Amino acid sequence: MARVRSSESVRAHLAVHAVLIISALAMVFPFFWQVMTTFKTQTEALQVPPQLLPATFGFDAYRQVLQRIPFVDMFNNSVLSVVTRTVAQLIFCSMAGYAFARLRFPFRGTLFVMLLAIMMVPREIYLIPQTEIMKSVGLLDTVTAMIAPGLFSAFGTFLMRQFFLTLPESLAEAARLDGANRFQVFYLIMLPLAKPGLIALAIFTALWTWNELLWPLVIISTSSNLNLSAGISTLSGEYVTDYPMLMAGSLMAELPMIVLFLVLQKRFIEGIATTGMK
Amino acid sequence: MMGNIVLSKVKKSFGPVTVIPQVDLDIADGEFVVFVGPSGCGKSTLLRLIAGLEDTTSGSIMIDGRDVTDEAPAKRKLAMVFQSYALYPHMTVAKNIAFPLRMAGESADVIDKKVKDAARVLNLTNYLERRPGQLSGGQRQRVAIGRAIVRQPTAFLFDEPLSNLDAALRGTMRLEISELHQQLKTTMIYVTHDQVEAMTMADKIVVLNAGNIEQVGSPMELYQTPKNLFVAGFIGSPKMNFIEGAAAAKQGAKTVGIRPEHIAISTTAGDWRGKVGVAEHLGSDTFIHVQTEEHGTINVRAGGDVVVRNGDSVYLTPDVKRLHRFGSDGNFMRPHAGFHLAD
Ligand SMILES: Nc1ncnc2c1ncn2[C@@H]1O[C@H](COP(=O)(O)OP(=O)(O)OP(=O)(O)O)[C@@H](O)[C@H]1O
Ligand SMILES: [Mg+2]
Numbered sequence: 001m002a003r004v005r006s007s008e009s010v011r012a013h014l015a016v017h018a019v020l021i022i023s024a025l026a027m028v029f030p031f032f033w034q035v036m037t038t039f040k041t042q043t044e045a046l047q048v049p050p051q052l053l054p055a056t057f058g059f060d061a062y063r064q065v066l067q068r069i070p071f072v073d074m075f076n077n078s079v080l081s082v083v084t085r086t087v088a089q090l091i092f093c094s095m096a097g098y099a100f101a102r103l104r105f106p107f108r109g110t111l112f113v114m115l116l117a118i119m120m121v122p123r124e125i126y127l128i129p130q131t132e133i134m135k136s137v138g139l140l141d142t143v144t145a146m147i148a149p150g151l152f153s154a155f156g157t158f159l160m161r162q163f164f165l166t167l168p169e170s171l172a173e174a175a176r177l178d179g180a181n182r183f184q185v186f187y188l189i190m191l192p193l194a195k196p197g198l199i200a201l202a203i204f205t206a207l208w209t210w211n212e213l214l215w216p217l218v219i220i221s222t223s224s225n226l227n228l229s230a231g232i233s234t235l236s237g238e239y240v241t242d243y244p245m246l247m248a249g250s251l252m253a254e255l256p257m258i259v260l261f262l263v264l265q266k267r268f269i270e271g272i273a274t275t276g277m278k
Numbered sequence: 001m002m003g004n005i006v007l008s009k010v011k012k013s014f015g016p017v018t019v020i021p022q023v024d025l026d027i028a029d030g031e032f033v034v035f036v037g038p039s040g041c042g043k044s045t046l047l048r049l050i051a052g053l054e055d056t057t058s059g060s061i062m063i064d065g066r067d068v069t070d071e072a073p074a075k076r077k078l079a080m081v082f083q084s085y086a087l088y089p090h091m092t093v094a095k096n097i098a099f100p101l102r103m104a105g106e107s108a109d110v111i112d113k114k115v116k117d118a119a120r121v122l123n124l125t126n127y128l129e130r131r132p133g134q135l136s137g138g139q140r141q142r143v144a145i146g147r148a149i150v151r152q153p154t155a156f157l158f159d160e161p162l163s164n165l166d167a168a169l170r171g172t173m174r175l176e177i178s179e180l181h182q183q184l185k186t187t188m189i190y191v192t193h194d195q196v197e198a199m200t201m202a203d204k205i206v207v208l209n210a211g212n213i214e215q216v217g218s219p220m221e222l223y224q225t226p227k228n229l230f231v232a233g234f235i236g237s238p239k240m241n242f243i244e245g246a247a248a249a250k251q252g253a254k255t256v257g258i259r260p261e262h263i264a265i266s267t268t269a270g271d272w273r274g275k276v277g278v279a280e281h282l283g284s285d286t287f288i289h290v291q292t293e294e295h296g297t298i299n300v301r302a303g304g305d306v307v308v309r310n311g312d313s314v315y316l317t318p319d320v321k322r323l324h325r326f327g328s329d330g331n332f333m334r335p336h337a338g339f340h341l342a343d
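Chains as they are written, first to last, in my numbering: chain R, 1 to 278; chain E, 1 to 343.
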């Protein structure tokens, strides 16, 4: 009896793993294809039927990327955007989210509905008004203008509010009785406990900023002021696209995020584990 | 450090709902006061009003002659122990206990010394570097108390601090808190709905019902001379028996009350005849539910050596001197000369 059941469970195990392995391959394959393409020549890349591996491993594509676009400038712009926006959002969204979750003030409900309304409108709607604003303050075609709209977000505020709502109110009350003022309650008690939420917000913000495409293309006209993801998009030509070069550029743009994500993901799990107390 | 607390005409409403209509209460310095009452009667609300975590709707709160009605919680110099302990989960035990001192701007040396002292008193020395999540319920409770005692408050407020602990630990902690009170001689206000805690710990019990104070007195006063039906029924375990109708009318009362421990049980003779329903043998005591012919179910508390079984015929004899008479308004009536239940 036991043997039958265990052989059944082995079979079930195998089935599950087969599905998992196939899915993993399906996800890794495009990435593998991209990496291989970077080493190919344009002719090899367009060959029919397609070849998986290049004839020789060449680094021409990478060299071309560096020649065609101001890669280092763009990379720096992207890093600057990510750092500034992530830090700003962690500060502003956590404070605003805490206020919406725990403080009583006039028009709180109305303001919160307005905040939700911002989230319900597609971002593209703001492209033109934002451009007008940047123009009127003389910031067209500047890195500042590219970064500014993402320093705060309704989504981040909402995320943090929801997170703060899950923390017990009695902790704040205990801290107040212990002599903490409102800011100390926030800074010393609530914020450390909101670490998993903050890490999630940081990941979202960093990823979204790194990948941002439309707004930089609208507001920036000088290529050395662009961020990397918008910069890479300029590599695809109007009539012909050099696929090995495009793939090489994309890979160079992706790598920092992949590394960062792996690091933060570990942190993320840690963050949840350390605050796991009922 | 003094700790005299006076509530005058304190009222609390949440929106349209009045939770506490009007409370006047005087708590002397060093007193151990217990608030008891059924769930939802406003015990926690009253405690939170004193702590300053809720604003009064009207009325005033004085601490040591100073009007603190509009003062922030921290300024009142009170310490509170929450039912959920409310320990800061991201801080070690040492940091938790140190937190109020840190907020008061004490120097690192002073903090260190006071934390160590508190830990020694509360048997927490070996746990100082742990997080609250790595402690047992009783240890967490002690950390919460430690955090309260380090800054020498004018009074301690406890909101059902033991209700999350098992029976044995509750007994131990009850003793520890009583000992702490004897050592520190600081005013303590303690909310519970546990009879035993109220009776054993209190200097003074405040019985609350629907936001009103029904009676204030020492445990023995409340036990011996409850002012009304509510207090009579609430204080004492098992509950007082109430008899209405003709038997009560004979005493000139609407209701007559007799405690289970004031009824003698016999298998041969007595005033009331009845049959044993359930007999609960606790070893030290026996709680017997007797179905009487005239007065319905009467609970009796007998010695542990009394052996009766379901269905046995028994006779009950109340101790007439221990009868409580209540009028039609539910209030206590003074005994009149020579009254007795069985004529
Ligand atoms: N913030 C609030 N808003 C509205 N009503 C409240 C609020 N806090 C308490 N109440 C109400 O006030 C009443 C008294 O509540 P309170 O918590 O003081 O009762 P309690 O005596 O402590 O009960 P328990 O023994 O169950 O803890 C309850 O009816 C409760 O619903
Ligand atoms: Mg309560």
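Hints are supplied without guarantee of correctness; some may be wrong.
[What the hints assert, rightly or not] Residues of chain R placed beyond 12 Å of chain E at every Cβ, according to the derived structure:
#	residue
1	30
2	177
3	184
[As the list claims (entries may be wrong)] Only part of the chain E face toward chain R is listed, based on derived beta-carbon distances under 8 Å:
#	residue
4	53
5	74
6	84
7	86
8	223
9	306
10	307
11	311
[Stated by the list, open to error] Label pairs and their calculated CB-CB ranges:
#	chain 1	residue 1	chain 2	residue 2	range
12	E	196	R	151	35 to 45 Å
13	E	164	R	92	54 to 64 Å
14	R	106	E	11	23 to 33 Å
15	E	38	R	103	32 to 42 Å
16	E	26	R	162	18 to 28 Å
17	E	57	R	110	54 to 64 Å
18	E	16	R	165	24 to 34 Å
19	E	104	R	105	54 to 64 Å
20	E	172	R	103	37 to 47 Å
21	E	16	R	103	19 to 29 Å
Please keep in mind that the hints were generated in silico from the structure rather than gathered at the bench.
Just so you know, these numbers come straight off a predicted model, no measurement behind them.
Here a beta-carbon is modelled for each residue, glycine too, at the ideal position from N, C-alpha and C.
We went through each hint and held it up to the structure:
1. For residue 30 of chain R, the requirement that its beta carbon stay farther than 12 Å from each beta carbon of chain E is met, with the minimum near 41 Å.
2. Non-interface call for residue 177 of chain R relative to chain E: violated, since the shortest CB-CB distance, roughly 5 Å, does not exceed 12 Å.
3. Annotated as non-interface, residue 184 of chain R brings its C-beta within 12 Å of a C-beta of chain E; the closest such distance is 7 Å.
4. Given hint, residue 53 of chain E at the interface with chain R, holds; its Cβ is 5 Å from that chain's nearest Cβ, closer than 8 Å.
5. With a least beta-carbon distance of about 4 Å to chain R, the hint placing residue 74 of chain E at the interface is held under the 8 Å criterion.
6. Interface restraint check for residue 84 of chain E: the shortest CB-CB distance to chain R comes to about 5 Å, inside 8 Å, so the restraint holds.
7. Here the hint on residue 86 of chain E is kept, as its CB sits about 4 Å from the closest CB of chain R, short of 8 Å.
8. Restraint check, residue 223 of chain E versus chain R: the minimum CB separation of about 33 Å is more than 8 Å; hint violated.
9. With 8 Å as the threshold, the beta carbon of residue 306 of chain E stays out of range of chain R, its nearest partner Cβ sitting at about 45 Å, so the hint is violated.
10. Look at residue 307 of chain E: its Cβ only gets to about 46 Å from chain R, farther than 8 Å, so that hint breaks.
11. For residue 311 of chain E, the interface hint is violated, the least distance from its beta-carbon to any beta-carbon of chain R being 48 Å, above 8 Å.
12. The given range of 35 to 45 Å is broken by residue 196 of chain E and residue 151 of chain R, whose C-beta atoms sit roughly 59 Å from each other.
13. Checked against the hint of 54 to 64 Å, the pair residue 164 of chain E and residue 92 of chain R fails, with Cβ atoms roughly 38 Å apart.
14. A hinted range of 23 to 33 Å for the beta carbons of residue 106 of chain R and residue 11 of chain E is consistent with their spacing of about 25 Å.
15. In this structure, residue 38 of chain E and residue 103 of chain R meet the distance hint of 32 to 42 Å, their C-beta atoms being roughly 33 Å apart.
16. The beta-carbon spacing between residue 26 of chain E and residue 162 of chain R, approximately 45 Å, falls outside the hinted interval of 18 to 28 Å.
17. For residue 57 of chain E and residue 110 of chain R, the hinted distance range of 54 to 64 Å is not satisfied, since their beta carbons lie about 26 Å from each other.
18. Take residue 16 of chain E and residue 165 of chain R: their Cβ atoms lie about 25 Å apart, and the range 24 to 34 Å holds.
19. Checked against the hint of 54 to 64 Å, the pair residue 104 of chain E and residue 105 of chain R fails, with Cβ atoms roughly 28 Å apart.
20. A hinted range of 37 to 47 Å holds for the C-beta pair residue 172 of chain E and residue 103 of chain R, which are about 40 Å apart.
21. Taking the beta carbon of each, residue 16 of chain E and residue 103 of chain R are about 23 Å apart, inside 19 to 29 Å as hinted.
Consistency with the previously given hints fails for numbers 2, 3, 8, 9, 10, 11, 12, 13, 16, 17 and 19, ordered from lowest to highest.
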